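There are 2 protein chains.
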Amino acid sequence: MNQSLFIGIDGGGTKCRARLRDDRGTLLGEGSGGPSNIRLDPDLVWNSILTACREALSQAGLQESDLKSVHAGMGAAGAGQASAVERLLSRPHPFASFAIDTDAHTAWLGAFNGGDGAILILGTGSCGYGGTGGQCRYVGGWGFEISDEGSGAALGRELLRRCVWAYDGRIAYTPLSDVVLAEFKNDLEVLVDWVGTARPGDYARYAPLVFDHANRRDPLAIALIEDSARGATRIAERLLELGAPSLCLFGGLAEPLLPWMPPAIQQAVVPPQADALDGAILLARNAAARRQS
Amino acid sequence: MNQSLFIGIDGGGTKCRARLRDDRGTLLGEGSGGPSNIRLDPDLVWNSILTACREALSQAGLQESDLKSVHAGMGAAGAGQASAVERLLSRPHPFASFAIDTDAHTAWLGAFNGGDGAILILGTGSCGYGGTGGQCRYVGGWGFEISDEGSGAALGRELLRRCVWAYDGRIAYTPLSDVVLAEFKNDLEVLVDWVGTARPGDYARYAPLVFDHANRRDPLAIALIEDSARGATRIAERLLELGAPSLCLFGGLAEPLLPWMPPAIQQAVVPPQADALDGAILLARNAAARRQS
Chain A
1 MNQSLFIGID
11 GGGTKCRARL
21 RDDRGTLLGE
31 GSGGPSNIRL
41 DPDLVWNSIL
51 TACREALSQA
61 GLQESDLKSV
71 HAGMGAAGAG
81 QASAVERLLS
91 RPHPFASFAI
101 DTDAHTAWLG
111 AFNGGDGAIL
121 ILGTGSCGYG
131 GTGGQCRYVG
141 GWGFEISDEG
151 SGAALGRELL
161 RRCVWAYDGR
171 IAYTPLSDVV
181 LAEFKNDLEV
191 LVDWVGTARP
201 GDYARYAPLV
211 FDHANRRDPL
221 AIALIEDSAR
231 GATRIAERLL
241 ELGAPSLCLF
251 GGLAEPLLPW
261 MPPAIQQAVV
271 PPQADALDGA
281 ILLARNAAAR
291 RQS
Chain B
1 MNQSLFIGID
11 GGGTKCRARL
21 RDDRGTLLGE
31 GSGGPSNIRL
41 DPDLVWNSIL
51 TACREALSQA
61 GLQESDLKSV
71 HAGMGAAGAG
81 QASAVERLLS
91 RPHPFASFAI
101 DTDAHTAWLG
111 AFNGGDGAIL
121 ILGTGSCGYG
131 GTGGQCRYVG
141 GWGFEISDEG
151 SGAALGRELL
161 RRCVWAYDGR
171 IAYTPLSDVV
181 LAEFKNDLEV
191 LVDWVGTARP
201 GDYARYAPLV
211 FDHANRRDPL
221 AIALIEDSAR
231 GATRIAERLL
241 ELGAPSLCLF
251 GGLAEPLLPW
261 MPPAIQQAVV
271 PPQADALDGA
281 ILLARNAAAR
291 RQS
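From first to last, the protein sequence lines stand for chains A and B.
What the first sequence shows, in UniProt numbering, is residues 1 to 293, in sequence order.
What the second sequence shows, in UniProt numbering, is residues 1 to 293, in sequence order.
Isolated chain A, as found in the complex (with noise of 0.2 Å):
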């Protein structure tokens, strides 16, 4: 092999995913794994990468031995936690070289190809991440207690406050929390234990129900949503305000509740020139320029 090959790996808590890509950026193979929480036991996060890769590499007719002439780069949720990251690199790796940084960035890396821009995730949780010149920085993001404002999980969690409200009387009923209450048989106590074990995805599940809603003029849903856009809004407004020129969306809220958000928001929308496996391998092939140069 005489020339380069770089791997863009995607980290994620349920699978692994790797794609294998030339110098000149032909599709060479892809593969995928097992969990690779970087926050998990590190022999088993290598385990699933090398799963995936070493799918990637027999697409493209290569051995594992291989891998010593491939640069690697991996997005991973938890890779802004240096004792995280630390100890993924406290095992040996195969690659030529390896770089690894948050999931947010790959996905920054691939939507805008390294430019300037920012990228806003709606899913279960809420995110926002980008910036000019190379430099970006988090808007959002911190979590469901304290942050996540327009995610799936946060709309979930206000619904059931909310029906809360009709049950006590502090609010009129509206069909949506009539069908809430009725999941619950009308009784608080069924919602309170629900809620003792409840985690984001759970409450995220409520969103599609939500949005249902609204196309039939529910004034709760209706509510709902616009608290749950102008949340993204101010995620998005400051992610303009640093500088960035335009915004890709990602996540299942993303879709929906886009159409909620002003017009100086949607005008902003681009779509992502590549996905977050291309902004890993990115990621490699700028690690390993600056290592020759």
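Hints listed in this document are in silico derivations from the structure and should not be mistaken for laboratory results.
Hints are not guaranteed to be accurate.
Claimed, not checked - Partial list, computed: chain A residues near chain B (C-beta under 7 Å): (1) S147; (2) R161; (3) D275.
Said to hold, decoys possible - Derived SDA-like pairs (lysine to any residue); straight-line CA-CA distance at most 20 Å: (4) A/K185 - B/K15; (5) A/K185 - B/S83; (6) A/K185 - B/G143; (7) B/K185 - A/Q81; (8) B/K185 - A/G143; (9) B/K185 - A/S83; (10) B/K185 - A/K185; (11) B/K185 - A/R137; (12) A/K185 - B/A82; (13) B/K15 - B/R39.
Please read these numbers as outputs of a predicted model, since none were measured by experiment.
Just so it is clear, CB atoms sit at the ideal spot from N, CA and C, and this is done for glycine as well.
Go by the hints and put chain B onto chain A.
Okay, now just chain B, sitting in the frame of chain A:
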């Protein structure tokens, strides 16, 4: 002993209190014991109850064997949960009769001597409770995640959320956000770690700081307290709508928050006629009277 005696019991998570009165209402003795949250082991709870009762009896020159002539009433957090009450009552009790209800109910009984009115507890959590004609209901009090508007915990959590907004540049810094962020070394990763293990009581500890800064016209502190007051006001308004002619406020935030609530609420507030222990005594008297009739 020819006369009837009544003992009121307040069953709390850290301690149990008891108060003994005769049928003319003369105070005969008081006592305290260990944890008596009725979700705990029933033998432990009964041990705490009897420790508190023995102390009250001994002040009255009575023996534990005299409990068979004493009607008991207990107010306890968790008594709304039928399974917890059943567990407690699976053990024999030494009283002539034993009645149990929630701590909100005994606080309400004491505050209005069983008459019409409502209580609003504004402490670490918040809870409204009251009614007319002996028919009571809750407004709020459904827990930290989806209720507890106007509580210290909700105030503290919202403070941290707004400090994140300031850090992100979504709102301006104020002296209050500066103080709080400095506690977390101006590092949101440190704040996020703290939030990961924070309990409602941990958030509530920020309440005095917020009121302190509001006195100095800090705009963030004022916005937070106005929000809190709005939440508490909506609960109070609903309690008055339900027919309560007046309100008793309890909890550490009641006094500081009241001046931020509208005049109609302030004017509805009256001092409690008696405390929750005397409410528990009234619970015991009512139960004994029903048994006789």
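Evaluated hints:
no.	hint	in the structure
1	S147	holds (6 Å)
2	R161	holds (5 Å)
3	D275	violated (26 Å)
4	A/K185 - B/K15	violated (35 Å)
5	A/K185 - B/S83	holds (18 Å)
6	A/K185 - B/G143	holds (18 Å)
7	B/K185 - A/Q81	holds (16 Å)
8	B/K185 - A/G143	holds (18 Å)
9	B/K185 - A/S83	holds (18 Å)
10	B/K185 - A/K185	violated (46 Å)
11	B/K185 - A/R137	holds (18 Å)
12	A/K185 - B/A82	holds (17 Å)
13	B/K15 - B/R39	holds (14 Å)
Comparing the model with each numbered hint stated earlier shows that hints 3, 4 and 10 do not hold.
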